[in-house]
Structure formats: structure tokens, C-alpha cells
Amino acid sequence: MWENGPMKAFLGGVIVMLAVSIGAFYALQGLDWSSANVYRSENVRL
Amino acid sequence: MGDRDARRRAFAAVLSLLLLLPLAGPGPFAAAALAQVPPPEALKESPVGGAVPGGVLGTTSDAELWRSLRRGITGTVTIPDKKAAQLIQSEGDNWRALRNGPLSVYGVRFLAGVIVLLAVFFLIRGRVRIEHGRAGVTITRFNTVERMGHWLIASSFIILALTGLNLLYGRYFLPDLIGAEAFALITRYGKLAHNTVAFAFMLGIAWVFVAWVRHNLPSRADIGWLLRGGGIFVRGVHPPAARFNAGQKIVFWLVVLGGLSLSLSGWALIFPFTTHMFSGTFAAVNAVLGTDLPTALTPVQEQQLSQLWHAIVALGLTAVVIAHIYIGTLGMEGAFDAMGSGEVDLNWAREHHSLWVKQEEERMARKAERSGGRVFPAE
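As they're listed, the protein sequences go chains A and B. Counting along the first sequence from 1, when you hit position 19 you're at 19 in our numbering, and nothing is skipped either side. Counting along the second sequence from 1, when you hit position 70 you're at 70 in our numbering, and nothing is skipped either side.
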């Protein structure tokens with residue numbers, strides 16, 4: 001099955017999906033949200 | 001006795017005087033209080049037609065103030081977030097009513113309707129078989145890179161659809177089914193997965209677009225294919241089709257354009273208040289169609305429209321994908337091989353993609369001529 005490719009293509013697609021998702025998760029964690037969330041009290045400057 | 005009676009009468013008279021005195025007219029304290037009541041002219045100008053006890057708000061009542069706030073009156077603020085100038089955004093009521101009302105109700109009816117239609121079609125038509133039986137010879141339909149792109153977009157869409165449907169409908173039945181705590185847990189992590197897997201979906205859209213766009217441009221054969229219903233309604237009918245038939249082309253463009261639209265509205269939801277897509281879109285629509293759609297949308301209205309549009313497109317695309325999964329698995333014999341192994345039976349290919357098979361055979365013949373021998377499809 002692996003030799004013929006069905007599992008290779010399927011698992012390849014799933015692995016890419018997981019890799020991009022995990023990368024996106026960490027990228028979102030590292031973002032500076034202060035400009036987007038100006039409504040948050042800690043970002044309010046009087 | 002006479003003196004005693006006289007004293008009683010005098011005491012009663014003094015007591016009566018003390019009791020009746022306040023009723024005789026305004027005293028000094030009462031006069032001071034009345035002095036604070038606005039003059040009759042002011043009362044006539046009052047929007048509520050009366051004064052407020054204490055005069056705290058002048059002639060404007062609390063009810064009037066709260067009514068204005070409730071209707072979405074906007075003031076001014078000096079903090080960076082100008083949205084804070086509006087305490088109550090009344091359009092939020094419309095958004096919530098639409099989301100929890102017609103959108104949810106018609107959405108679930110639509111999905112259920114599609115599933116019922118497919119079930120009825122399956123009961124009537126049955127599985128579309130390879131009419132001439134399997135040839136035992138296969139032809140390569142999709143290579144590994146193409147199938148990887150398909151499974152990338154497929155796996156991400158299934159996760160997005162399930163977690164998205166949970167956000168829209170989960171609350172109505174899952175807490176009773178699995179408990180409130182379990183529902184809260186899967187919803188929390190489902191939302192997290194939705195926001196991150198979305199980027200894999202975006203990559204998948206780009207992937208399949210690059211891989212297949214040249215095969216999905218409209219052609220003359222598509223008209224004949226559509227007029228004959230793709231041959232799936234009547235046995236023995238096989239309208240000619242190239243590598244992608246008209247039905248697959250429709251699915252391709254719905255997925256690409258719908259996926260792009262989902263990605264844009266999803267981006268607006270992941271990064272709130274950073275985009276103004278609906279204002280721009282409405283302005284463009286107004287310029288082209290001459291409509292009068294609102295273009296001065298507040299950031300909150302932008303978010304609400306993004307959410308509604310995201311849900312509508314997602315429900316539509318989910319229906320398309322359900323039909324796609326049906327015809328690719330249960331509905332048609334031999335179809336899954338195209339995305340499974342990538343090798344399809346030659347008879348299946350001749351029945352459903354005759355023009356493509358002809359092209360492939362000509363290509364292989366040319367290749368054989370160049371190499372001085374014959375090349376057969378894979379077995």
C-alpha cells in the first residue's frame with residue numbers, strides 16, 4: 001500500500017496539515033496583539 | 001373641676017393648632033424645596049414633559065438617557081479604542097437574532113436536505129457501476145503531489161467543518177449528550193484547532209489551485225456533459241469529458257472561490273478589528289451594480305458581517321463537500337481509486353473521462369514512438 005502511494009499521499013497531506021497548524025499555533029502565540037486588541041484595558045493610554 | 005376642664009380645653013386647642021399648622025400653607029422648608037422645581041416654561045420644553053425629583057438630570061429623565069444608550073447613541077472618548085464611545089451596539093441584536101435564528105435553522109435544514117436528497121438518489125439510482133466491468137488495467141490519474149494537496153485540503157476541511165458546526169450547533173444537543181464540562185472542553189480546543197488548522201486549509205486551497213487550474217477552465221465539452229446530466233442519471237450514458245468533467249470543474253471553483261472567501265472572512269475573525277473588507281466590498285458592489293449598500297460600517301459591524309458570511313459560505317461548502325464525498329466513495333464504483341492509489345481502472349476512465357484517456361493514449365503513443373517501443377498503461 002505504501003509502495004503504491006495511497007498511504008504516502010494521504011499521510012503526506014495529513015502531515016503537512018499538522019505541520020502548518022502547529023506552526024500557525026506558535027506563530028499566533030508569538031504575535032503582538034496590542035494593536036488588534038486596543039479595547040483591552042491594559043492597552044488603554046489615557 | 002372647672003379649672004381642670006379649662007386646662008383640658010386649652011391643651012386640646014394648642015394640640016389642634018400644632019397638628020393643623022403644617023396643612024395651613026407652605027412653611028419655610030417647603031418653600032425652599034419648591035424653589036428647585038423648574039418653572040412651567042421649562043416643563044413645557046422638557047422632552048419627557050416633567051421634572052425629575054431632585055433635579056439631578058435637569059429635565060431629562062433616566063429613562064430617556066437609557067433609551068438613547070440602548071438605541072446605540074455614540075459619544076466621544078479620548079482613549080485609543082474609539083469603539084468604547086458606544087456603550088450598546090444595537091445592531092448586535094440583529095446579528096444575534098440572525099445567527100441563532102434563520103441562519104442556524106435554515107442552515108441545518110439545508111444540510112439535512114442535501115443528505116436526504118443524496119440518500120434518495122442512492123436508493124433510486126444505486127451505485128454507478130463500471131458498465132463494462134473492470135479492465136484490470138489501470139491508468140495514472142493523479143500523482144502523489146496532487147493527491148497530497150487533495151488530502152491536505154480534505155483533512156483540514158473536515159476538522160474545520162466539525163469544529164465550526166460545533167460552534168454553531170453544539171450547544172443545542174452536546175451538553176445533554178456528553179455533559180457540559182466535556183462540551184466546554186471540546187469547544188475550547190475545537191476553537192483553537194479551528195483557528196490554527198485554518199492556515200493549513202489556506203495552503204491547501206493554493207496547492208490545488210496551482211495543481212489543477214489549467215484543467216478546470218471551461219470547455220465546449222462541458223456544455224454537452226451538463227446537458228446530459230453527466231450521465232449519472234441514466235445507465236449507459238457517458239458524455240465525453242476531459243481530465244475534469246463539468247461537475248468536477250464546478251466543485252473545483254466552488255472550493256477554490258468559496259475557500260478563498262472563507263479564508264478572508266476567517267482572517268477577519270482571527271484578527272478582529274484589523275480589516276474593513278465589507279466596507280470595501282459593499283463600495284465595489286455599489287459602484288458596479290448601483291446598489292446602496294452601507295459603506296460606513298463600524299468595526300463591530302464588520303466583525304458581525306464577517307461571522308455571518310463565514311457561516312453561510314461554510315454551510316454551503318459543507319454541502320458541496322458532502323456531495324463530493326458521496327460521489328467519490330459510495331456513489332460511484334472505482335472513483336475513490338483516483339485519490340486513493342492514484343491509479344484508476346481503464347474502463348472507468350474511458351466511461352467518465354473519455355477525452356482525457358484519448359489524450360493520454362496519444363501521449364503514450366508519441367512517447368513510444370520516440371523510444372522505439374510500445375508503452376502500456378500500468379497494470
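It is worth saying that the hints were derived from the structure and are not from the lab. Take the hints with a grain of salt, since some may be wrong.
As the list claims (entries may be wrong) - Which residues of chain A face chain B? A few of them, derived with a C-beta cut under 8 angstroms, are:
{"id": "1", "residue": "Lys8"}
{"id": "2", "residue": "Phe10"}
{"id": "3", "residue": "Gly12"}
{"id": "4", "residue": "Gly13"}
{"id": "5", "residue": "Val14"}
{"id": "6", "residue": "Val16"}
{"id": "7", "residue": "Met17"}
{"id": "8", "residue": "Val20"}
{"id": "9", "residue": "Ala24"}
{"id": "10", "residue": "Phe25"}
{"id": "11", "residue": "Leu28"}
{"id": "12", "residue": "Gln29"}
{"id": "13", "residue": "Gly30"}
Stated by the list, open to error - Which bits of chain B does chain A cover? Going by a derived footprint, with three or more residues having C-beta under 8 angstroms, they are:
{"id": "14", "region": "69–77"}
{"id": "15", "region": "304–313"}
Note that the structure is predicted; figures quoted are calculated from it, not measured. Even for Gly, the Cβ is constructed at its ideal location relative to N, Cα and C.
Outcome of the hint check:
1. Lys8: 6 angstroms, holds
2. Phe10: 5 angstroms, holds
3. Gly12: Constraint on Gly12(A) satisfied, holds at 4 angstroms.
4. Gly13: Status holds, d = 3 angstroms.
5. Val14: For Val14(A), the interface hint holds, since the closest Cβ of chain B sits about 5 angstroms away, which is under 8 angstroms.
6. Val16: Interface hint status for Val16(A): holds (5 angstroms vs cutoff 8 angstroms).
7. Met17: 4 angstroms, holds
8. Val20: Result: holds, 4 angstroms to nearest chain B Cβ.
9. Ala24: With a closest approach of 4 angstroms, the Ala24(A) hint holds.
10. Phe25: 4 angstroms, holds
11. Leu28: For Leu28(A), the interface hint holds, since the closest Cβ of chain B sits about 7 angstroms away, which is under 8 angstroms.
12. Gln29: 10 angstroms, violated
13. Gly30: 13 angstroms, violated
14. 69–77: violated (count 0)
15. 304–313: Answer violated; 0 residues pass the 8 angstroms Cβ test.
Violated hints, in rising order: 12, 13, 14 and 15; the structure is consistent with all others.
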